[in-house]
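Enquirer: What follows is each chain in one-letter form.
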Amino acid sequence: MPPIITMEECSLCGKCSDICPEDVFLMTDAGPQVVRPDECWYCGACVMDCPTSSIKIKIPLAMKVSALRVEGK
Amino acid sequence: MISWIKNREGTMNLKFEVIPVETDVLVIGGGLAGCMAAIKARESGVNVTIAEKSNTLRSGCAGVGIDHIWAYIPPVHSKIGWTIEDLMEDHAEVMAHNFIFKDLLYLVASSSYDRILDLERFGLNFRYEDSNIPGKFRIVNQFHSMPSSFNFDGRDIKVKLTEEAKKRRVNIMNRTMVTDLLFGDGHISGALGVGTQTGDLYFFKAKTVVLSTGRANRLTRNLTGVDFNLPLPPHLTGDGKAMALRAGLEIINMEFIESRYLGQGVNQPSGGAPRGTYQPAGSVVDANGKVITPRTSFYDWGNLGKKKVDPIEARREFAEKRARGHFMFRLFDMHNGGEGPFYLDLTNGTEEEIKHIEWSMSNEGKCWLLLSHFREEGIDLRRDKIEYMGASVRDMRGPSAAGILVNGDLETKIKGLFAAGDEVGGFPWSCAPGALTMGWYAGDRAAQYALKQNSFLPVGGDSLDSLMESCSKMLTIREGDHWKEVELAVQNIMDFYCGDVTSGPLLRRGIDRLDEIKKDIKLKAANGHELWRCLELKSIITNIDTAMTASLERKESRKYPVLFNRVDFPEQDDKNYYAFLAIKCENGKFKCSKIFIQR
Chain A
426 MPPIITMEEC SLCGKCSDIC PEDVFLMTDA GPQVVRPDEC WYCGACVMDC
476 PTSSIKIKIP LAMKVSALRV EGK
Chain B
4 MISWIKNREG TMNLKFEVIP VETDVLVIGG GLAGCMAAIK ARESGVNVTI
54 AEKSNTLRSG CAGVGIDHIW AYIPPVHSKI GWTIEDLMED HAEVMAHNFI
104 FKDLLYLVAS SSYDRILDLE RFGLNFRYED SNIPGKFRIV NQFHSMPSSF
154 NFDGRDIKVK LTEEAKKRRV NIMNRTMVTD LLFGDGHISG ALGVGTQTGD
204 LYFFKAKTVV LSTGRANRLT RNLTGVDFNL PLPPHLTGDG KAMALRAGLE
254 IINMEFIESR YLGQGVNQPS GGAPRGTYQP AGSVVDANGK VITPRTSFYD
304 WGNLGKKKVD PIEARREFAE KRARGHFMFR LFDMHNGGEG PFYLDLTNGT
354 EEEIKHIEWS MSNEGKCWLL LSHFREEGID LRRDKIEYMG ASVRDMRGPS
404 AAGILVNGDL ETKIKGLFAA GDEVGGFPWS CAPGALTMGW YAGDRAAQYA
454 LKQNSFLPVG GDSLDSLMES CSKMLTIREG DHWKEVELAV QNIMDFYCGD
504 VTSGPLLRRG IDRLDEIKKD IKLKAANGHE LWRCLELKSI ITNIDTAMTA
554 SLERKESRKY PVLFNRVDFP EQDDKNYYAF LAIKCENGKF KCSKIFIQR
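Protein sequences, first through last, are from chains A and B. The first sequence begins at 426 in the working numbering and counts up by one. The second sequence begins at 4 in the working numbering and counts up by one.
None of these hints come from the bench; they were simulated from the model. None of these values were measured; they are calculated from a predicted model. It cannot be assumed that every hint is accurate.
Listed next, the in silico DSSO-like pairs over lysine-lysine satisfying Cα-Cα at most 27 angstroms (straight line) [as the list claims (entries may be wrong)]:
hint	chain 1	residue 1	chain 2	residue 2
1	B	Lys487	A	Lys489
2	A	Lys483	B	Lys105
3	B	Lys358	A	Lys440
4	A	Lys489	B	Lys358
5	A	Lys483	B	Lys358
Every beta carbon over 12 angstroms from chain B, so not counted as near; a handful from chain A, in silico [as the list claims (entries may be wrong)]:
hint	residue
6	Ile430
7	Thr431
8	Ser436
9	Leu437
10	Ala455
11	Thr477
Label-pair distances were calculated between CB atoms; the ranges are [to be verified]:
hint	chain 1	residue 1	chain 2	residue 2	range
12	B	Val504	A	Asp463	27 to 35 angstroms
13	A	Ile429	B	Arg11	49 to 57 angstroms
14	B	Gly48	A	Pro476	35 to 43 angstroms
Cβ atoms here follow ideal geometry from the backbone N, Cα and C, with glycine treated the same way.
Work out the full structure: start from the sequences and follow the hints.
Expert: Following this line, the structure appears as structure tokens:
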């Protein structure tokens, strides 16, 4: 479930937990934790504003876009 | 922070931190409207506080950006021979079926260009070297018969507005939800709030208040089943409308809940579609490539200044296209009739057009994530067609215009209480231009009002005690309902009894069911965050209640763009219902009245 933090790259600045509009993160001494992933609204603000690009959003299967793919064009 | 203290009997009681705040102007909600109100009010030297549930940097409908704002654009439209009155006629007749207050429409239409120039001064880019339009703007067809929507680099609009507010020393209180308005003798005197992480209580004394909490979302469930995957933010729960109702004010248009048809999985509908925000647009096709809705035709900018438009003929053509229905509504009907699947087809677009759409998506709300998802999945708009889904969610979106009844000065019937943006009822598709212009105007009116008040009005009553008791109950109850359980229960009622098509018997039963369930609800919160969600639930329940009550009162049906369907009253009844329905609460009971529309 979204978002996913790569802790090795995280600078522990707390920006993600500061700006998340739905309060999905909790900032702890060990860094930001994703404590309420089911309250993510998939805006991606945390990804946009992370200074070390260490957050990504995993799109759940139920939300995947369906496309009619044309191979080889 | 919330703490526990031992009382004389030796049992533990909750102790809330109560934080007093005094401010000349209190702005409730720090979205586009709230930020603009605060920035403008500071020009008059009054002190200003924004109470924001999230963080103004990324909160509200424009939190992660907008790529378009409609406006009357004097340097462009005057050359076409299209006047501000023409834009207003287009908007009122075609977009709103005259369910709009003309004085508010004039306010927005006449000042949206000025607000765009303000945004430009705040550092947002509206001009492009590759543009052949005067001013080097990018202007596309969307809401009106003539192109009137600016495309711009709006991804960081909230970051810029927050910077401007801070520069002007606006006191921004993030993570603070206002729950109650305080007033006496018909004058506003302050408000109460709760820290959305800490559970602290805030006691605001204010000379004047601007309500700008935005739309009422989370009234129904959504198609993907991923609860918070909504087109617009879940933290917009119509708190202002619920508070206004509790304060005895009239709110209008609560019956106009509408489906967002055929969104895509990430739930940002219509990327690149005809008359969508990201243009040059594609077409909508079926599985065999048959065109259901052709791509938007474009104004020939090369002709600008050479040939004047006939605005009446342009409006007639625009109205004709709209009367056939927006493509999303048409597709929904066709899908329900067993047709489909349908696809967004951009494969005939030029490289320049595709690049424009991708740039546009990267600035428009959640579309940037959709675009990044396309890339991760190897989906290319140049080659692949994107499938539309069924109705994604039902909410109070653009055309609903549900909100508080205000006068032409954006003031409510409580003196000194103003509203702006989507908080205001009676302005379909007010959206970003409505928020920017009304915010600015309400901020100015509020500041002038505050300057005339020499002192704070006395704040009495037992509202703070009631709030403390209610919060304490939610935090201490042994067995209770998690807010998500309650949300699901009330959304089920809304979906089952007050759907796209409804009837008197269903609505009456729905209202009874909600009354029954309200008696059963025992909200339980484990911490400050859950307390916030519980308080939001109170707004959601009030908004569902008024939506069902107003739907029962409107005994007719209306087609697009208003869209309201009662099977027991299938005809449009202009004689009795060409009117806004106003709803207010008197002695605990709802009372409806009509405000007839002047033709």
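Enquirer: Now tell me if each hint is right for this structure.
Expert: For each hint, the structure was consulted:
1. Under the criterion of a C-alpha separation no larger than 27 angstroms, the hint pairing B/Lys487 with A/Lys489 is consistent with the structure, at around 24 angstroms.
2. Distance hint between A/Lys483 and B/Lys105 is unfulfilled; the C-alpha atoms sit about 45 angstroms from each other, more than 27 angstroms.
3. For the hint pairing B/Lys358 with A/Lys440, the CA-to-CA distance comes to about 31 angstroms; that exceeds 27 angstroms, so the pair is violated.
4. For the given pair, A/Lys489 sits about 23 angstroms from B/Lys358 by alpha-carbon distance, which is consistent with the 27 angstroms threshold.
5. Restraint check: the Cα-Cα separation between A/Lys483 and B/Lys358 comes to about 25 angstroms, which is no more than 27 angstroms; the hinted pair holds.
6. For A/Ile430, the requirement that its beta carbon stay farther than 12 angstroms from each beta carbon of chain B is met, with the minimum near 17 angstroms.
7. Once the 12 angstroms rule is applied to beta carbons, A/Thr431 is consistent with being away from chain B; the minimum gap is 16 angstroms.
8. With a cut of 12 angstroms on Cβ distances, A/Ser436 stays outside the contact zone with chain B, its closest approach being about 18 angstroms.
9. The Cβ of A/Leu437 sits about 18 angstroms from the closest Cβ of chain B, beyond the 12 angstroms cut-off, so the non-interface label holds.
10. The beta carbon of A/Ala455 is kept farther than 12 angstroms from every beta carbon of chain B, the shortest such distance being approximately 18 angstroms.
11. Every CB of chain B is more than 12 angstroms from the CB of A/Thr477 (nearest about 18 angstroms), matching its label as outside the interface.
12. The beta-carbon spacing between B/Val504 and A/Asp463, approximately 31 angstroms, falls within the hinted interval of 27 to 35 angstroms.
13. For the hinted restraint 49 to 57 angstroms between A/Ile429 and B/Arg11, the CB-CB distance of approximately 50 angstroms keeps it satisfied.
14. Between B/Gly48 and A/Pro476 the Cβ separation comes to about 36 angstroms, which falls inside the hinted range of 35 to 43 angstroms.
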